[in-house]
Amino acid sequence: MATDVERAEQRPETSRGAAVAALIWAVLLAAVVGTWFAARRWWFPELASQQGAQIDRLFTTIFVIIGIVFVLVHATLGFVLWRYASRGGGHRAASWHENPRLELAWTVIPAVILVTLTVLGGSLWLRVHSAAPPGAMTVEVIAEQFGWRFHYPGPDGVLAPIDFRGDGRNTPLGLRAELAGAADDVVSRELYLVVDRPVRLLIRSKDVIHSFYVPHFRFKQDAVPGRVSQVVFTPTRTGTFPIVCAELCGVGHYVMAGTLKVVTADEFAAWLASQPTIGGVR
Amino acid sequence: MAVVQRVAHETATHHHEPTSFWRKYVFSLDHKVIGIQYLATSFLLALLGGLLAMGIRLAVGWPGQRWPLLGALLPSAFPNGVMNQGFYLNLVTMHGTVMIFFVLSTALTGGFGNYLIPLQIGARDMAFPLLNALSFWLVPVALIPLLATYFVPGGGPVSGWTAYAPLSAVPQAAPGSGLGQTLWLISLGILIIAFLFGSLNYITTVLQMRARGMSMMRLPLTVWAMFITAIISLLSFPVLLAATIMLLFDRHAGTSFFLPAGAVIGGRVIEAGGGDPLLWQHLFWFLGHPEVYILILPAMGMVSDIIANNARKPIFGYPVMVLSVACIAFLSFLVWGHHMFVSGMHPMLGTAFMITTLIIAVPSSIKTFNWLATLWGGKIRFTPQMLFAIGFVSLFVTGGLTGIVLGSPAVNMYFHDTYFVVAHFHFVMGSASLFAIFAGLYHWFPKMFGRMLDERLGRLHFWLALPATYATFFPMHFAGIAGMARRIYSTELYSFLGGLSGLNRFVSIAAFVTFVAHMIFVVNVVYSLVRGRRASENPWKATTLEWSVPSPPPHGNWGDREVEVHRWAYDYSVPGAPDDFVPQHVPAEAGAPARARA
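Chains as they are written, first to last, in the working numbering: chain A, 2 to 283; chain B, 102 to 699.
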């Protein structure tokens, strides 16, 4: 009894080849159309930071490159399946299996593209991690199961050292009025920032690892207990933006949302003045 | 001298065929039985892992929905019919753990590695058959604590398959971080020992037990991939083993490798301290990233051989294929930090890891182009294994490309831990590896069981599975671009994600279809084991050695035959040869002139 394979030796597989090629092309078409459709519905949240614009640009560059490669590879894959399906009978496949020039080409071309992307990516990475410009505001971000607190230095510009062991109702983050520089410090449940003013965030965690993610600003930074991580960015638009915890931190992970308000300098000053301070004085 | 060594080998490893049922099919030392046992185990666990995924999609697709039937069946997981948050996170944790460690790793290296290595290199068995049996039997031993997590107070672990400390280190951090997490760590530790036994065996076997004439550069790419994968396993798994032991010490012996002083977790003040949570991440990903290559390199090897066999054409650029696997293996040890771009690691380190990460795309793209070149000019037949191999290439390319986005650290700040990452690794390592496993099963099932799998069901399986896989994972890119974080039980608090509910539901339905599509394979296996057509010795007209013995091969593989290899594994469509393939054991005069390389 002849197996399917033996029959395939005699019978052409061209219609199967065409069908599989059509499937691969259909996947390709669906991916392209789907992306085009998604770009109108489910794309990035509206940008609100200076650094985010550069990240978006680099993403677009990479996206265009990988999009082209995706289309070319799938178009070619479909083509070879359609073109080189067995036509049955006596013909044989080609027997060549080396072509140094071709192999060199598809080693060097991807290498050149990837080196370019490395240079672009590396320089942007160092730029977003450069030191805070003078005049930057500093805010300490404290993550905990399952919420956010924000520690402002107050008019003296000094962030008093926090100690989670003393964290209590009247001593938030262990801050007591007697501590040097603590009296005018403010601990808030909402993050207020000033539009167009660079901010340096010092990100810490009280318990497990969390991640401070602001989609509209295009960045996230883990909050790791025992460490202080720093990010610097500049809000470019006033408004209210969500803060998301992006690192699994326990059963309440999904409710660990926060609020970021970007306001004008005057509004900020008024808000800060309205907040209770550690020393209880205005 | 060489002859003496050889004889010594054969007497040492050619154990007699056992006659009792238990020694023959259960506690067997035969690499073929052990390979099939590994495959069967991962097959069953794939069903579990798949069901866990369906649970995840139930929660993400219909957040807060009541499922009265599930509430009746699993009252603690679905109080009042609504899935609780802890159970959701446990689903996420167990799906990852089961699929990565117990399904893909065990099927590829344990299953195919065991079955194919001795047969393809012309050996009678593994170098250490007893170690091999021990390696397999440690898997059920590892499963006991893993499955026991469902029955302990506090329930199973909820810290994800990555088990980041301190969430996984302090029982007060989460309900599942109690006994459940300890059992999870013990399970993983035992499984790692199983993998180490296997790796030692594969490396020794490939180096020492090859048949006469089977030079390294005549090895089928499957064996090359298994060999290099074993080296990666042997070098990277011990690091995770050490990490799991250190974490167990932190949990139970009062050490603080991963616990910083001054943290207050669930009301417990960490006084000892001095540890660093990032140490766990470094140790975990030092294995974790090579691990994804442990899952993809054997897949690449098997797919290369299946593509060459079904295109009836020699694999294109064999030496480069070997070299690129070796390059990927080497680089795989230098990229782990790309999982930690936003962890607080020094930015300069991020730059270094970006460079290695993007460079590893070069050998990967070489392999892709070589597969296309192998197909070019071929005489392709579309067997089910070929369809799945083609699917593998497509999925690998799609998933690999998005890796370039994630490898750029500044862009990664946005995409890290979003659904974009979920889409990326489910394409490049989850689905691609799974498709390669199916390709391998369609290809080698006849050899394993002496019966053919049904081709029509095989085609139907592929035609449903590939579009459904794309429909499941491709839209996840968009959820990630929109900023949806992974491991989120519900997006209700994030109004900016409100527009994604339709997309999430679509993905869930596509995931259910994917699951059903793979069930066709289960039906096919059951049907074909009973009613399948008898397989001949070499139904695919393949060149490698396993196709020169009966299906299934006898104990000891070769009977009294002295296996000798005369050519490489890719003599397809050789001009002047009587057939369009010349098996490796055919002497130069009898078949066709052996190639210069062969």
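Honestly, the hints are just simulated from the structure, not real lab data. Think of the CB as a built atom: it goes at the ideal place given N, C-alpha and C, for glycine as much as any other residue. Mixed in with the good hints, there may be bad ones.
[Stated by the list, open to error] Rough simulated footprint, nothing fancy, chain A against chain B, three-plus residues with beta-carbon under 8 Å:
{"id": "1", "region": "283 to 290"}
{"id": "2", "region": "394 to 403"}
{"id": "3", "region": "412 to 421"}
{"id": "4", "region": "440 to 453"}
{"id": "5", "region": "598 to 604"}
[As the list claims (entries may be wrong)] In silico contact screen, one side only, chain B against chain A (beta carbon under 10 Å); selected entries:
{"id": "6", "residue": "R124"}
{"id": "7", "residue": "A141"}
{"id": "8", "residue": "G162"}
{"id": "9", "residue": "Q166"}
{"id": "10", "residue": "R167"}
{"id": "11", "residue": "L175"}
{"id": "12", "residue": "Q382"}
{"id": "13", "residue": "H383"}
{"id": "14", "residue": "I460"}
{"id": "15", "residue": "A462"}
{"id": "16", "residue": "L502"}
{"id": "17", "residue": "F575"}
{"id": "18", "residue": "I582"}
{"id": "19", "residue": "I589"}
{"id": "20", "residue": "D672"}
{"id": "21", "residue": "P684"}
Quick rundown of the hints versus the structure:
no. : hint       : in the structure
1   : 283 to 290 : violated (count 0)
2   : 394 to 403 : violated (count 0)
3   : 412 to 421 : holds (count 9)
4   : 440 to 453 : holds (count 6)
5   : 598 to 604 : holds (count 3)
6   : R124       : violated, 34 Å
7   : A141       : violated, 25 Å
8   : G162       : violated, 15 Å
9   : Q166       : violated, 15 Å
10  : R167       : violated, 18 Å
11  : L175       : violated, 17 Å
12  : Q382       : holds, 9 Å
13  : H383       : violated, 12 Å
14  : I460       : holds, 7 Å
15  : A462       : holds, 6 Å
16  : L502       : holds, 4 Å
17  : F575       : holds, 6 Å
18  : I582       : holds, 6 Å
19  : I589       : holds, 5 Å
20  : D672       : holds, 9 Å
21  : P684       : violated, 16 Å
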